Every structure is written in structure tokens, then in C-alpha cells.
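Enquirer: Protein sequences, first through last, are from chains V and B. The end of the first sequence is residue 136 by the numbering used here, with every number in the run present. The end of the second sequence is residue 546 by the numbering used here, with every number in the run present.
FYI, nobody ran anything at the bench for these hints, they're computed from the structure. None of these values were measured; they are calculated from a predicted model. One or more of the hints may lead you astray.
As the list claims (entries may be wrong) - The following label-pair restraints were derived from C-beta to C-beta distances: (1) R122/V <-> I247/B: 42 to 50 Å; (2) V209/B <-> G3/V: 49 to 57 Å; (3) D136/V <-> I247/B: 50 to 58 Å; (4) S421/B <-> N24/V: 17 to 25 Å; (5) D173/B <-> N24/V: 30 to 38 Å; (6) E233/B <-> R122/V: 40 to 48 Å; (7) S421/B <-> D110/V: 31 to 39 Å; (8) D110/V <-> E237/B: 46 to 54 Å.
The beta carbon of each residue, even a glycine, is placed where N, CA and C say it ideally should be.
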Amino acid sequence: MNGPVYIARHAMGKMVEAECLCANDGFSARYDLNRLEGKFSRPAHKLFGESYHGKILVLDTAKGGVASAWMLYEMKSRNLFPAAIVFNSVNPILAQGAAHAGITMLAGFDVNITEKISSGARLRLDPSGKTVQVLD
Amino acid sequence: MRLNEEEKAMLAGETGPVRQEALRHQVQVGEFFGAEDLVAVSQAHIMADTESLGEAGVEWLESLTKHPGKERVVRIPTITDPRGTDFNKARQLGQTEKMIELERRTVAAFIKLGVTMTDTCINYQTIMAPVFGEHVAFGDTGVVIYSNSICGARSNFEGGPSALAAGLTGRTPRYGYHLEQHRRPTRRFRINWRPQSLNEWGALGGFIGRSSGNYWSVPVLEGVEASPGSDALKHFGAAMASFGSTALFHVVGVTPEAIHARDLKLDALPVEDISRADVLALQGSYRVTDEVDVVVFSAPQLSLMEMRDVAALCDGRKFKIPLLAVTSPQVKPDSDRMGYTEIIEAAGGTVFAGMCFYQSYAREIAETNGWKRLATNSAKMVNILGGYGYTPILASMEECVAAAETGRLA
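This is chain V alone, in the form it adopts within the complex:
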């Protein structure tokens, strides 16, 4: 059964359908991840210990430094990477990294997207229509 649809202001990439990991927290590939294990590794992060591989990450905002621009490409080369990333607020680094790696990204909503979606939900992202749809 299909659920609500949310419209983003920014979108790139291909259509993606996958289970999501959602938290009202920031995201930096360098600060927050153990990229070798494919898990969130910063103890203070709300997704600490969670595996991100193949998941759509739904998070509040892009944080931290410029390294993520390279790291998404590197993560994808080892086939240990998120299926897509959805932010309330994105910064240039994550957008540049997503463009370089070919990872779908949507950002900017009229609602707090992390409050509207729960971890475990299955989502369909359509960058051409700039939509996030909850499928179940």
C-alpha cells in the first residue's frame, strides 16, 4: 500500500526503491562512518552501529568536512554504500559527492522529513519528479 508523498526542492540521480534508515541527526562520511565495515561508528550518532549498505538514509543535515565528496565514490567502488541519501538540508559537499559517485540525493522539504518517516519504511525516490514516497 502506498503512503504519503513528500516533495523536495533539490534532486539528482536515478529512481531508487529501498528500505530506509532514518534519524534526526547529521551526516558526514568521515565523521560518522566506519566505511570498511559499512556502519555508523560515531558513538554519539543516533544510528550508531547500524549498517547503511543498500539503505536509503533519511537524515537532518549534511555535516562536517569536504572528504565525503571523495568518500561516496570510494564506498560505491567497494559495493558498500547507501542506496540514496535524503536530507532536510544538504551542503555542497554531499551534493558534489553524490554527483561524482552517481548516488541519488534529494533535499529540502516543507516538513521535517525525519519526523515523517520511520526507519524500516520502504521508500521510492523519484528525482525527476523530486518526490519521496513511503510505500509501506
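Given the coordinates of chain V, work out where chain B should sit on it, guided by the hints.
Expert: Chain B alone, transformed into the frame defined by chain V:
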């Protein structure tokens, strides 16, 4: 996006596939952010440590070097952020031959692309500081926030692929901090006290960054009665950028776009007071132990004045645990010439040049050397290293050097 004839030619591949791909990347990012056109930039600064690049990133760089020289060489001065090692002391860090070889390949590729290997995150103190109103494409968040805020330059955070694209095309998408309307304050902070050390300036920056929330937030700080100087503002901005992804701040009476409070139209913004206790609480939140395995001064690389201060504190001491002082390749010869390096190393410390501690396979060298509890005066670094398995502790330069002698923070 609106492109001029030269840009259209690049996008059509008339100047070769390297510039074509660079411009295609810029258009994709620009359209994502709603940029109307591209803006000419005068300098680019590329962050590209091999821990971030990995084998895949290095191979991608090497693939660009296969094209003819005139098609692949950057068009504007393009410099580099710190590398992931100091080749002269890589073994001392416990880095493997594989790591070092990846670094060598990266350096070789960048040289073939015409990039100038400055290997520094303090180019605004050592190479060529941008001037007011200059549009640039800088990587390293600390470089961007200092250049935007202190110099009045115009830059977004440019990750490695985008900074290289800017070097190749001489342009970047015109969005974010290239536009005047995004440079106005959105949050108003005030202090009625003055930070007394670099770590306190860093912690204040970290507090503001954490409070500000995201990249598009522009904090303004009131209550700073006189300029604290370049090194204090360096730590302040680097920590703010790290904790908050902040790219621009203003300090009333200090930074060039905030010389007069009346110009900023601040009345609509509520004042948020920051007490010294707030900032010390942030610093104290990292003080979970007094035991220390390693002391590190890095992030940003140390200026010559910081090297002087570290050396003065090291003079005559004998360290029980490693002390690492990391500076730029431009500062290191002066540090040698002034005798600072010799004093630090006579005490048992080590001076590294051209690298950054957290960009040097921090997780792996921690495991190799048995480092977990790390003391530093860099608020930026304590924010980063938690994710690498360290227990980072923020303390003053004086406390850190004393801890190197005893293995404990007093």
C-alpha cells in the same frame, strides 16, 4: 543553467573530454542548487587525502592523466590540502607501504594535471590569501570559512572532484556564498567575555557551529572588542565549520563584512548569549579521562607562531608519550631555521610537515601505535576523531605539552 560560448564549447567536448566531464559535473551540481550560471574563479584548492580517495579515487585521477597535456592541465592556480603522510616520517607513524604508495601515485597524478603541491590547509597564512570579493573554489572547510569570513572572499565548500573541476574549467556554479543574499547573518550570538586560548576560541567556534545547525546558516558574533588575531580566528572558524558545516561567519567590528553593526540590519534577529560556562561545558564534555596516550597539534596545520609557542613550552622537557606537531611545508623550513623543530624534537616530540593528522589513516595508525586517548588543543580535531575510535580530549597547548611529559592531564 545559462552558459556562455566558451562554456558551451567545453561542455560539447571541444576542449577535450577532461574539461567536458568537469563542466558536466559543475552543471549537475549547479542545477541541483538552482544556480543560474557559472562564475569565473581565480584559484582552486583541492582536498584529496588518499584515505578519502581510496584506490578507486586514485585510479580516477590517474585516468585523467592519460589525456594529452593541453587537455588535462588546470587553467588557474590550483593547490592542494595536506597529504595523508609526511613521506620522511611515514614509518614513524606506522603507515604501511600500501598507504605510502597510494600517496605517491596521487601526487604523481596531480602533478601531471598541473596542480601545485602545496599540501597545506593554511594557504591563507602562507601561500596567497584571497582578497575581498575574490571568487575562488576552495576545499577544506577551514580554508573556506577563513577565506569567506576573514578575507571576504567568495567560496562554497568545494569537495575534491569539484575543486579539481574548477581548476580545469576556471569556473564554478554561482550559488550559495558566491551570491550576496546568502552572506547576510541568520543567527546572532553575543559574548561578554573573551576566550583566553586557541582551544577556547575553537570551543567557542564549535559551540556556535553546533548551534547554527547547517551550511546555510550565517552566524554573527558580537562582543569581541578587538581582533584576536589570525591563529585564534583560524581555530574559531575551523571548529565552527567542523561542528556546524558552517562556511561563513561575521564578527562585528572585526571581519570585513561586519565592520559596522548598523550595516548588518541585525534588529530582526534575536540575541543568543553564550557564556564562558557554555563553552567550557563543550570542552569538558570531551574530558572523560585524564590519561593520555598521545598529544597532537594539528587541524589546522600550525603557523610559525604556533610552532614558536609549542617549542617554548617543550624547551627542557623529556616526554613520556609521543607529541606530534603538524605544520605546512612552507612553515617547516622556517621552524627549522628558527630552531623550533630542534627544541620540540629534543624533548621527544616530532614535527611533521605537509600532512594532517586526521587525514593520515587515523584509525589504522591508532591501532598500530596503541593510541586511543588523544589530547589536543584543536576543537576541530576532537569533533572528528570520535568517529575514528579515539577518545579525544580538548585542552590548552600548555596542558597538552605537560601531559606529554607525564602521560596525564593535570
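Enquirer: Please list, smallest to largest, the hint numbers that this structure does not respect.
Expert: none
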